[in-house]
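Novice: Given next are the chains, with one letter for each unit.
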Amino acid sequence: MRYVQEFRDRAAAQGLALAIGRIASRPVNLMEVCGTHTVSIFRHGIRGLLPPPVAMLSGPGCPVCVTTNADIDKAIALAQQPGVILATFGDMMKVPGSYQSLQQAKADRCDVRVVYSPRDAVRLAAANGQRPLIFFAVGFETTAPTIAASVLEAERLGLANFYVFSVHKLVPPAMRALLDSGEVRIDGFICPGHVSVVIGSQPYEFIAREYGVPCVISGFEPVDILQGVEMLLRQIAVGRAEVEIQYSRGVRPEGNPLARKAMYRVFQEADAGWRGLGVIPGSGLKLRPEYARFDAEAAFAVRPPPTKEHKGCICGEILRGVKTPPECPIFGSGCTPESPVGPCMVSSEGTCAGWYQYGSR
Amino acid sequence: MCLAVPARVIEMRDDLLGLVELGGVVREVSFMLLPDARVGDYVLLHAGYALQKMDTAEAEETLRLLVEMVEAAGTEG
Chain A
1 MRYVQEFRDR
11 AAAQGLALAI
21 GRIASRPVNL
31 MEVCGTHTVS
41 IFRHGIRGLL
51 PPPVAMLSGP
61 GCPVCVTTNA
71 DIDKAIALAQ
81 QPGVILATFG
91 DMMKVPGSYQ
101 SLQQAKADRC
111 DVRVVYSPRD
121 AVRLAAANGQ
131 RPLIFFAVGF
141 ETTAPTIAAS
151 VLEAERLGLA
161 NFYVFSVHKL
171 VPPAMRALLD
181 SGEVRIDGFI
191 CPGHVSVVIG
201 SQPYEFIARE
211 YGVPCVISGF
221 EPVDILQGVE
231 MLLRQIAVGR
241 AEVEIQYSRG
251 VRPEGNPLAR
261 KAMYRVFQEA
271 DAGWRGLGVI
281 PGSGLKLRPE
291 YARFDAEAAF
301 AVRPPPTKEH
311 KGCICGEILR
321 GVKTPPECPI
331 FGSGCTPESP
341 VGPCMVSSEG
351 TCAGWYQYGS
361 R
Chain B
1 MCLAVPARVI
11 EMRDDLLGLV
21 ELGGVVREVS
31 FMLLPDARVG
41 DYVLLHAGYA
51 LQKMDTAEAE
61 ETLRLLVEMV
71 EAAGTEG
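In order, the protein sequences belong to chains A and B.
Per our numbering, the very first residue in the first sequence carries number 1; after that it's consecutive.
Per our numbering, the very first residue in the second sequence carries number 1; after that it's consecutive.
Quick caveat, the hints were computed from the structure, so don't treat them as lab data.
None of these values were measured; they are calculated from a predicted model.
For every residue, glycine included, the Cβ atom is placed at its ideal position computed from N, Cα and C.
Accuracy of the hints is not assured; some may be wrong.
Examples of chain A residues toward chain B, derived with CB under 10 Å [unchecked claim]:
(1) G35
(2) T142
(3) V223
(4) G255
(5) P337
(6) V341
Residues from chain A that keep clear of chain B, each with C-beta distances beyond 10 Å, as calculated [as the list claims (entries may be wrong)]:
(7) N29
(8) P96
(9) P132
(10) P281
(11) P305
(12) T307
(13) P329
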């Protein structure tokens, strides 16, 4: 595949590892805030290539993992409404809510469908005109514009049975919350490449300016990530804190303004609950009043049962980078990919799943 | 979840739908969020939408700098 294979080059990766070894003088914690980075770091053994002073921490970068039990419970309650078809991305199906997952709800005769694109959900709505189609919309700034585009498409088609239950989240406010908590020292951020395709580099500027923490927007191949680490270490070495773009083949400084325009035409910022981080002001997206007729939460008054957390699970602390999976009392024993307890083990992008499959290096 | 893969545009239609080729597989995608894509461009796809054009000059430049750096690391190391 073009523009993939070249960035997996072994010689380049080894050269970068050498360069990193040369500039890594003091212990640093670098955090990635994107599940796709987390997976790539595990799969390509990047931790093993880095010298001991450089520690990689995984942050709240998996939209599936940060979705709260309360929101999953609400999605299930919506799926239980008469006639409703609930559509969502495949990643969400196995994530346990307080009492069950969407997959279990489906086994209990709820009509839950997995789609690859929100466009498929619009098509399902058009093909089932008499039944409400609710799209359970999970994802960061990469995904939200595609959901917004599907709402605009449903509007154009005059569909009266297409709804969205939006639990979209925004990455920069969560990064601020992590820094404000002071729970873990972060010396640099590997910023999410595909979120940045949409938002560009400006939304991270406050991190460099106010907190003095350098940021590098990186691609996802091993060479990209290693180069991102090298760029962060260069900044740290001279006490510089700026937002740099390593992934320049995909990310423009201005992002994709048209995608943002679609996103903010349909959605507005709202407070949102994150697993492990609590409610973060302005970190979510809900439908604007002009698009309220597409809002599943407005159209269906559901009252899910009281939420409860999974006993022994420390996904919250793992999502904040405070603890690593082996520190969890149920990791690998009570919680495995075959019978997962927490979302970080369920999701293919979860830190626990990566750790379980590939080990600590 | 924010996976986005580079695919080559092989057809663009007036309704902002088009076809892309990815590892030998052809699929229909929406260009609603990237209307200025053209046939032959490599684009990043996410959830059935093209999100950005790959800047091939930037890709080549990144690779060129890498080669320089690796060579430099080899001579120093």
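Novice: Which hints from the list above does the structure break, by number from lowest to highest?
Specialist: The structure breaks hints 5, 6; every other hint is satisfied.
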